[in-house]
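Student: Residue numbers (my numbering), protein chains in the order written: chain W, 1 to 458; chain H, 1 to 144.
Just so you know, the hints here were simulated from the structure itself, not pulled from any lab data.
Treat the numbers as computed from the prediction; the structure is a model and nothing was measured.
Hints are not guaranteed to be accurate.
What the hints assert, rightly or not - Taking lysine-lysine pairs in the DSS-like style, the calculated list, with each CA pair at most 27 Å apart, reads:
1) W/LYS287 to W/LYS109
2) W/LYS423 to H/LYS89
3) W/LYS156 to W/LYS263
4) W/LYS263 to W/LYS287
5) W/LYS227 to H/LYS89
6) H/LYS89 to W/LYS241
7) W/LYS263 to W/LYS223
8) W/LYS296 to W/LYS241
9) W/LYS241 to W/LYS299
Claimed, not checked - Rough simulated footprint, nothing fancy, chain H against chain W, three-plus residues with beta-carbon under 8 Å:
10) 106-119
11) 306-314
12) 336-350
Virtual Cβ for every residue (Gly too), placed ideally from N, Cα, C.
Here's the letter readout for the chains.
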Amino acid sequence: MTQINRREFIKVSTASAALAVTPSILKAQEGGGILEARVTVIGGGFAGATVAKYLRMWSDGKIQVTMVDKNPDHVSCVLSNLILNDRLQLEDITLPYTPLEENYGVIVKQGTVTGVTSDINKAVHTVHLGNGGESIECDYVVLAPGIEFIDVIGLKEGNVNQFDRVPHAWIAGSQTELLRNQLHSMQSGDTFIMTVPLSPYRCPPGPYERACVVADYIKRVKKGDGKVIVLDPHSDITIEKETFSQAFNGIYKDIVEYIPNAKLLEVEIKDNGDRVAITTAGSYTGKVLNVIPTHKAGKIVEDLGLLPDGERFAPVHAASYESTLRPEFYVIGDSNNSGQPKSGHMANAQAKVCADAIIRTIAGKTASKDFVHDPARLNSIKTNSACYSPITYDEASWLTAVFAYETADNSMKLVSDTFGSMKLVPGSFASSHSPHWSNDNFEDMFEWANSLFSNTFR
Amino acid sequence: MKYHINRLKLVLSTGLLLLIYQSIEIAQAIDIIDPTRAMASQCAQCHGMEGNNAEGFDDLNGEPFDEIYDELMDMLSSSDNELMHHQAKGYTQDQIIALANYFSEQAKTSSNNSEGISSEPIKIIEKEVDEVDEIDEVDDEESD
């Protein structure tokens, strides 16, 4: 049967780190010529790490890049649902920043950004770090802070914060382990309730994937003696509908209950420890409650005035990811409203377009030319999305799409026929449960993730 | 052929920039203006950086032009529901020519970089390998 997977994944992680050939160490150079500039990147996730790396690599080390993150390393959300069923440990998806420093000369600083001030006359921005931290002067600021959650009554509002009892586990790390521990301590007949966030949200298949991973765990480890209730504010499954409805109504039909049109209104924790999710489709009580609240752009985006009133995500120019509200400030990844899926893979994709645009802006400034909107470039701007979702203990599905720049309305548009998800032709899936998931994909999932980790962080 | 004409145009238009900024190297100026580099970087999430993949999906770097071009063109017209077949449909024939040219030419530059710094293996992960080997041996016995 399938040889796997985690072992291969880890072997590959080690091998690729050893084999990685980098284009010689990049050190800050004196007299960078037309590329002499300083960029500060706020946030070291998939978007931030990629833009920092590619700015250094593509400028041959001439652009000085400082990347600030509040954590010493990055815990990947990609693959993090596999912590819940012990397929992976947290350290397997913890990605250090040292390779970015050692291989590319990115200056990495740990800290929280409290604000950015701009000197209009000198066109210099100063990024301020909290707790008496230093100030970083730069010419361009890239914001890649990920997501923030919108308040939920009884869960997080004002001084109330119950995420340590009702985890979101949607920013990987200790939250993921907390949810894992709650799942593992469920007793016979206990119920696991989860809420799907309102679109657009990070990782479109993620909540349904999580429901599958949890249901599989209950089926295998708890001998099927437990329930998963999926509360979805949408009228139907938002993505890979055939795949997930086949899983919920097929292999998990005795475990998963899927409730559409269930918008979360309030969370209540009872004296006996039971958690209650009060929704527009009724109240649901369970032992574990995993609320993934509705998202908005990371707080710093709003603090800097890049978020229009009443909007959840920052408007950007699609050719560069420069904010439409503040020049020389760029917003990449989950925080922008570019209409593309919010995912690690896509954040990496956007970061490369952004790095290219910043380099062209810097070169174009000195040359008094607009290299950013060069027609040959605009016609070739692409981003792409690809992901694998575990459906059972050792099977996964896939999903993919390509986006291209549309000059007519200056936006990124899905290219026709590029959107697809796994579906085998009838007859070719005799050995599998379903045309929508397979062992092979489960193995490919680790190859994809490791390649993405490597391209982003090493 | 078409690609080479485009490339020539690129070099000529770059000339203006070069006249003004003698200090910058020709290769770098072309890289800034040539949109292929950024487009090709979109392959790296799965195929490794600059097409050098240690992870398992197909290598692109240094592959013959014909191989990359033929394969992508087949996928472009294919109706198979495969992940990469969907991806290929995101590019025009001209873009596929540019990508095939780009990756087939990368071989020359990558060999120059073979003495570059490689990152250290991550120690935690190294340690994990043994533990997991044991788990897998148990799995293997069960599946037998």
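Student: Look at each hint and say if it fits the structure.
Tutor: Hints, one by one, checked against the model:
| no. | hint | result |
| --- | --- | --- |
| 1 | W/LYS287 to W/LYS109 | 40 Å, violated |
| 2 | W/LYS423 to H/LYS89 | 18 Å, holds |
| 3 | W/LYS156 to W/LYS263 | 16 Å, holds |
| 4 | W/LYS263 to W/LYS287 | 20 Å, holds |
| 5 | W/LYS227 to H/LYS89 | 41 Å, violated |
| 6 | H/LYS89 to W/LYS241 | 23 Å, holds |
| 7 | W/LYS263 to W/LYS223 | 31 Å, violated |
| 8 | W/LYS296 to W/LYS241 | 25 Å, holds |
| 9 | W/LYS241 to W/LYS299 | 32 Å, violated |
| 10 | 106-119 | violated (count 0) |
| 11 | 306-314 | violated (count 0) |
| 12 | 336-350 | holds (count 3) |
The structure is inconsistent with the numbered hints 1, 5, 7, 9, 10 and 11, although it conforms to all the rest.
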